[in-house]
Amino acid sequence: MAKIGIPRTLAYFLYFPFWQAFFTELGHQVVVSPPTTKAILDRGVEDAVNDACIPIKIYHGHVAKLIGKADFIFSPRLVSLRRHGDFGTETFCPKFLGLPDMIRVAIDKLPPVIDTRIDLKPGKEELLKACQETGDMLGHEGKEVLAAYKKALAVQKRFNQLLAKGVLPHLALDIIEGKKKEEDLNRDGFDLNIAVVGYPYVIYDPYVNVGLLKLLEKEKARVYTQDILSNKILNKQQKYIPKSLFWYFSNRAVYGGLYFMKQKDIDGIIHVTAFACGPDSMVDKLLEIECNKHNKPYLTVSVDEHSGEAGVRTRIEAFVDMLRYRRATR
Amino acid sequence: MKISFPHMGHSYIAFKWLVENIGHECIVPPEPSKRTLDLGVRYAPEFACIPFKILMGTYLEVAEKGAEVIITSGGMGPCRAGYYWVMHQYILNELGKDLEIIAFEPPLCDLKDFWRKLHRLRKSGGLSVREFIQVIKTAWEKIKAIDDIEMRSHEVRPYEINRGDTTRALWKALDMIDKANSVKEIEEARQEGLKVINQVPQDLSRNPLKVGIVGEIYVVLEPAANHYIQIMLGEMGVQTDRSIYLTSYTRESAIINREEDIFAVARPYIKEAPIGGHGVNSIGETILYAKHGFDGVVQLAPFACIPEIVAKSILPKVSRDYDIPVLTLFIDEQTGKAGVQTRLEAFVDLLEKRRESKKRERLVV
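Going down the list, the protein sequences come from chains S and P. Residues in the first sequence are numbered from 1 upward in steps of one, following full-length UniProt numbering. Residues in the second sequence are numbered from 1 upward in steps of one, following full-length UniProt numbering.
Any given hint might turn out to be false.
To be verified - Covered by chain P, according to a simulated footprint, are these stretches of chain S (three or more residues, beta-carbon under 8 Å): (1) 44-51; (2) 92-106; (3) 239-250; (4) 285-291.
Think of the hints as simulated: they come from the structure by calculation, not from any bench. Beta carbons: idealized from backbone N, C-alpha and C, even for Gly.
Given the sequences, and given the hints that come with them, work out the whole structure.
Right, here's the structure in full:
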């Protein structure tokens with residue numbers, strides 16, 4: 001039995017249930033880094049190359065946090081999850097592609113890194129191959145891995161079903177882990193509908209976005225994100241833009257935005273973006289122009305190392321007030 | 001049609017000839033200036049990289065001059081540059097500019113689209129297929145000649161006795177190429193141009209430092225974007241070799257020519273390739289320059305360039321392992337010429353000291 005360390009950021013928010021079930025089923029203990037804190041960010045800023053974006057720096061911090069607590073760091077090389085885009089070449093952001101190599105160079109005294117390459121462009125069965133490879137590294141036989149893989153798929157499916165019901169991923173994770181019950185989720189008392197689009201590791205990490213979702217809840221706004229939409233709905237949006245983007249999470253954010261801006265009952269759209277995010281320079285402008293065309297209120301919240309709660313709150317309150325006023329005058 | 005295109009080093013000489021000889025009017029893009037950048041910065045997204053901003057400014061400038069169509073390249077990712085034409089078009093539309101961008105996606109991705117666009121250019125220009133092919137071939141010869149001349153100028157510059165002679169000779173030579181109109185004339189102009197550069201008074205007793213230049217294609221190729229770094233280094237007495245030329249792929253003699261090899265060279269350091277742009281190349285090329293005895297490497301990249309950030313984070317290890325100093329310059333709209341110069345001077349000082357101390361070590365041994 002080994003301790004497998006998983007950083008609580010980046011792909012964690014959408015794919016953690018799968019890997020947790022997979023490793024647990026193989027008899028390992030999964031160690032997750034604690035939720036992001038200032039200390040984690042500071043450590044990341046120290047280790048990572050200074051030109052990197054906040055999420056990548058935070059990732060470095062989470063990995064460093066796992067040193068001494070885990071025997072292996074699980075940092076798969078996320079290349080792609082599907083064949084998509086105008087040329088079928090959709091990948092993750094280039095920084096994801098080089099991430100395992102980056103942390104190896106940047107962080108001292110790192111335990112062995114499991115950097116299984118995950119490229120599902122050729123087909124879904126590649127995921128099993130990636131699992132086999134991961135199992136191999138830990139000394140498991142094919143049969144065991146297959147069983148764990150099936151179990152993991154089932155857990156991920158349950159997670160995805162929760163998302164389809166409109167449960168946001170960070171809450172769905174709590175439900176899967178048994179920390180919360182589905183029935184306890186607050187579903188009433190909202191008088192505004194706001195779509196929040198952006199990358200999972202920005203929207204669902206309350207440290208990064210200084211509690212944006214909580215703020216919205218307090219303002220009695222019900223939050224929708226691209227992750228509660230089915231792939232079918234998302235992918236239908238592809239035809240409304242001249243060329244789809246090259247990055248998986250970006251496409252999801254753009255498609256989600258495009259879908260929400262056509263919904264009458266959505267009052268406004270908030271795009272949360274991390275300072276110096278490369279893909280977002282395209283995503284943000286595109287959403288802004290499209291929202292203008294659709295006459296939908298649009299707010300960009302850009303977060304960085306120095307984002308203060310007061311600053312974000314002021315902007316959110318102003319936006320929400322504007323939406324209420326807009327609704328009242330219609 | 002009134003056609004324009006992005007400004008990228010001296011290549012405009014060949015593209016201008018191409019557009020005119022297809023039968024269109026060419027609006028030659030001005031060399032990117034402060035105004036170009038200001039225009040671009042005003043309308044481009046804040047975190048778009050500097051090539052996006054410069055192109056944005058260039059498009060607005062040629063729009064003022066009456067351009068109707070922009071020809072540029074597309075891309076299949078994961079570098080952002082492949083999406084730039086879409087964003088540029090969005091922004092131009094929003095500004096109410098009547099400018100259409102025709103982007104050539106990589107032909108391997110969508111051959112039909114590629115042919116359709118070529119066909120449109122040819123038809124509207126009124127050329128037969130045979131003439132069209134001939135014109136393209138000639139333009140290609142022009143690009144090659146321009147690259148040859150520029151390469152030679154960088155070899156000669158560190159030896160020049162009177163500062164600035166080589167650059168003046170380079171312009172004279174480029175002017176000759178500009179005036180050439182057939183494959184034969186281009187060849188003559190090339191020979192003549194090389195001769196002009198070779199005739200620059202030189203002090204061959206010097207033993208200049210050798211610096212390789214790697215990085216993102218646009219800021220490497222466009223002197224106006226990188227503050228004429230190769231000329232600056234040349235005039236400090238440093239010989240530079242840059243990894244990227246428009247005609248790199250066809251050159252067997254260049255140190256860096258075949259992309260597959262580069263990926264293999266970089267593999268011990270980054271297991272994934274490509275990661276977009278020239279990210280992996282920057283790592284592989286640094287290794288090759290070290291192996292070829294270069295004194296140092298300068299990595300040029302736009303601020304917030306995704307692939308080059310990955311490369312930058314890995315380069316310190318390459319630098320240690322191969323004992324070659326690497327200077328990374330991230331360029332944005334705030335970068336000033338004096339800043340670049342100071343850093344280069346310090347870097348060159350360091351390289352000179354290293355060379356001396358190595359020589360001394362050898363003497364002691």
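Assertion that chain P covers the segment 285-291 of chain S - criterion: three or more residues, beta-carbon distance below 8 Å | Result for this restraint: holds, n = 3.
Coverage of the segment 44-51 of chain S by chain P (three or more Cβ within 8 Å) = Coverage by chain P holds here, the residue count being 3 at a Cβ distance below 8 Å.
Coverage assertion for the segment 92-106 of chain S with respect to chain P, Cβ distance below 8 Å, three residues required = holds (count 11)
Counting residues of the segment 239-250 of chain S that have a beta-carbon nearer than 8 Å to any beta-carbon of chain P, does the count reach 3?
-> holds (count 6)
This entry satisfies every hint, going by the numbered hints stated previously.
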